[in-house]
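Full structure from sequences and hints, please.
This is what each chain is made of:
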Amino acid sequence: MNETGSFAFQFQDVSMTFPEKDGELEALEHIHFTVPPRQFLCILGPSGSGKSTLLRLLAGLLTPTAGSILYPQDQQPSVGLVFQQANLMPWRDVWENITLPLELRKLPEAESAGRTQRMVELVGLQDFAHAWPATLSGGMAQRVAIARALIQDPDLLLLDEPFGALDAITRERMGAELLHIWEQSRKTVVLVTHSISESLLLSDRVIVLSRRPGTVCLDMLNDLPRPRSEETRYDPRFIQLSRHLRQAIQE
Amino acid sequence: MMKKQSNTQKHASKPAGWTYPLALLLFLAGWQLLVFLFKFPAFILPSPLQVGQRFLTACNDGSLLRHLLATLTEMLSGLAIGIFSATLLGYLLSKSKFLERVLSPFLVASQAVPVAAIAPLLIIWFGSGVLSKVLICSLTVFFPMLVNTLIGLHAVPAAMRDLMTTLHATRWQTFTRLEMPASLPVLLGGMRVSATLSVIGAVVGELAGADKGLGFLINVGRGQYDTALVFVAVFTLVFLALILYGSVLLLEKRLLRWQEAK
Ligand SMILES: Nc1ncnc2c1ncn2[C@@H]1O[C@H](COP(=O)(O)OP(=O)(O)OP(=O)(O)O)[C@@H](O)[C@H]1O
Ligand SMILES: [Mg+2]
Numbered sequence: 001m002n003e004t005g006s007f008a009f010q011f012q013d014v015s016m017t018f019p020e021k022d023g024e025l026e027a028l029e030h031i032h033f034t035v036p037p038r039q040f041l042c043i044l045g046p047s048g049s050g051k052s053t054l055l056r057l058l059a060g061l062l063t064p065t066a067g068s069i070l071y072p073q074d075q076q077p078s079v080g081l082v083f084q085q086a087n088l089m090p091w092r093d094v095w096e097n098i099t100l101p102l103e104l105r106k107l108p109e110a111e112s113a114g115r116t117q118r119m120v121e122l123v124g125l126q127d128f129a130h131a132w133p134a135t136l137s138g139g140m141a142q143r144v145a146i147a148r149a150l151i152q153d154p155d156l157l158l159l160d161e162p163f164g165a166l167d168a169i170t171r172e173r174m175g176a177e178l179l180h181i182w183e184q185s186r187k188t189v190v191l192v193t194h195s196i197s198e199s200l201l202l203s204d205r206v207i208v209l210s211r212r213p214g215t216v217c218l219d220m221l222n223d224l225p226r227p228r229s230e231e232t233r234y235d236p237r238f239i240q241l242s243r244h245l246r247q248a249i250q251e
Numbered sequence: 001m002m003k004k005q006s007n008t009q010k011h012a013s014k015p016a017g018w019t020y021p022l023a024l025l026l027f028l029a030g031w032q033l034l035v036f037l038f039k040f041p042a043f044i045l046p047s048p049l050q051v052g053q054r055f056l057t058a059c060n061d062g063s064l065l066r067h068l069l070a071t072l073t074e075m076l077s078g079l080a081i082g083i084f085s086a087t088l089l090g091y092l093l094s095k096s097k098f099l100e101r102v103l104s105p106f107l108v109a110s111q112a113v114p115v116a117a118i119a120p121l122l123i124i125w126f127g128s129g130v131l132s133k134v135l136i137c138s139l140t141v142f143f144p145m146l147v148n149t150l151i152g153l154h155a156v157p158a159a160m161r162d163l164m165t166t167l168h169a170t171r172w173q174t175f176t177r178l179e180m181p182a183s184l185p186v187l188l189g190g191m192r193v194s195a196t197l198s199v200i201g202a203v204v205g206e207l208a209g210a211d212k213g214l215g216f217l218i219n220v221g222r223g224q225y226d227t228a229l230v231f232v233a234v235f236t237l238v239f240l241a242l243i244l245y246g247s248v249l250l251l252e253k254r255l256l257r258w259q260e261a262k
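Just so you know, the sequences run in chain order V and Z. Going by my numbering, the letters in the first sequence line up with residues 1 to 251, in that order. Going by my numbering, the letters in the second sequence line up with residues 1 to 262, in that order.
Just so you know, these hints were derived from the structure itself, not from any lab. Each residue gets a CB set at the ideal place from its N, CA and C atoms; glycine is no exception. One should not assume that every hint holds.
[Unchecked claim] Rough simulated footprint, nothing fancy, chain Z against chain V, three-plus residues with beta-carbon under 8 Å:
#1 136-144
#2 186-198
[Stated by the list, open to error] Partial chain V-side listing against chain Z, Cβ under 8 Å, derived:
#3 79
#4 81
#5 91
#6 101
#7 104
#8 132
The structure is reproduced here in structure tokens:
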């Protein structure tokens, strides 16, 4: 990888251990890679391989026990974080949930309202702007979560199995919507997923983590041509790459 | 649509409005009958009519209102102080593992001391005026409120804390936007219990030594074999407790509207 060019973030020999009752738990070991700006990166790996830990390190929720993560100008970038569960505040309606990041930054009311309106429209929830989260379907709730993550225009969009709790059809549609959003805003995206085909349909690059302790066991550029569609699944190259990924995960 | 459904469910399980007055009426009639049949002297068991008369005279000479206001003042101040200090300490304990470890044993031990037992002590130290009652009241309320604060803050989802961290929320913003609303249902549950406990606290304090209040009125009635007066005071206390409990319920309905959406 080109170490000197521009980058969105760099993992430099990062290890992460958690203190346990008896001894330590090594979640990540010697993680080393560079991500250029605007890349759509997918992270695959078996359960417990440290995918969420990697995202939490990126989000600044954890600090590595060894090595370091570099950012341009040594500044922790702003991040939008989306979890597997939508994680909405049940006492705030859709609008109030989406506007939360702006509220915390004390943006002027007019500007904040305008941006919230645009996000509500982007995720197609105009008719539900004042619904309580408890009344939303899983897919709608997750869209609110994505809107909330995007509203402050973050440098990094981090998604931890955001569609894991959705049915297959909704999941595909949300993936397509995410792609659309990414193409418009061109942010750096890191998406953790369990689905090989999802990673191939969405990403520029796929990193596979090994069983615990997590190390990078495959770092693969995804050269499938864009725009991709459901048809891409039948592309021979798609099949070749997905076999490649499957082998890496099972090792 | 959803609301309609839950409303019909409520109607099915909740008795209609007129059942309560009817039950009360039956109770009073039974009581009157009991007194009529067994001819109890008024200082053992006055009839509801005698209690009613006593209630009217106590109203007319202004004594009932005076004592009621005294007790109400003690209760409300006790509640306010107890709730405020318990939630504050609960918040601090939840933020500091060290503080929690050091103080927990004392707090649990303090709970084992019945308030009725230390009420006389507090009256010796703080006099038989309002202050000692307010203290007794807030002590009664303190522990359940503290426990509920800790439970409520503990129930704040970790993922939401993470969210606030990535959004660089300040401590105050996290408190007002997340911790308070998230623990509010549990806090309000604690307040409901506290509301009734505060009545007990105030009366225990007054019985231990006071010169006004409904507990004092009970002592006066007992001393003068004016049992009807004791009844008037007791019913007034029940009424106070109900009003207070109902106010918290109303507050819950107002503040937790989002919970009805389910
Ligand atoms: N805060 C923590 N304290 C202790 N151990 C932790 C902590 N967070 C994660 N771990 C451990 O680190 C390992 C990796 O966890 P992580 O959640 O990153 O895996 P994952 O790849 O996201 O798994 P999954 O696919 O199931 O979500 C696990 O063994 C987990 O128990
Ligand atoms: Mg995970």
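Now for the hints, and whether the structure bears them out:
For the region 136-144 of chain V, the stated coverage by chain Z is violated: 0 residues have a C-beta nearer than 8 Å to a C-beta of that chain, whereas at least 3 were required. Here's how the region 186-198 of chain V fares: 0 of its residues keep a CB closer than 8 Å to some CB of chain Z, so the rule of at least three is not met and the hint is violated. Against a cut-off of 8 Å between C-beta atoms, the interface hint on residue 79(V) holds, since the closest Cβ of chain Z lies about 5 Å away. This hint holds: residue 81(V) has a C-beta 5 Å from the nearest C-beta of chain Z, less than the 8 Å allowed.
For residue 91(V), the shortest C-beta to C-beta distance to chain Z is roughly 4 Å, which falls under 8 Å, so the interface hint holds. Of the supplied interface hints, the one on residue 101(V) holds, with its beta-carbon coming within about 5 Å of a beta-carbon of chain Z, less than 8 Å. The criterion of a C-beta within 8 Å of any C-beta in chain Z is met by residue 104(V), whose closest approach is roughly 5 Å, and the hint holds. The beta carbon of residue 132(V) comes within 4 Å of a beta carbon in chain Z, closer than 8 Å, and the hint placing it at the interface holds.
In terms of the numbered hints stated before, the structure departs from hints 1, 2, listed from lowest to highest.
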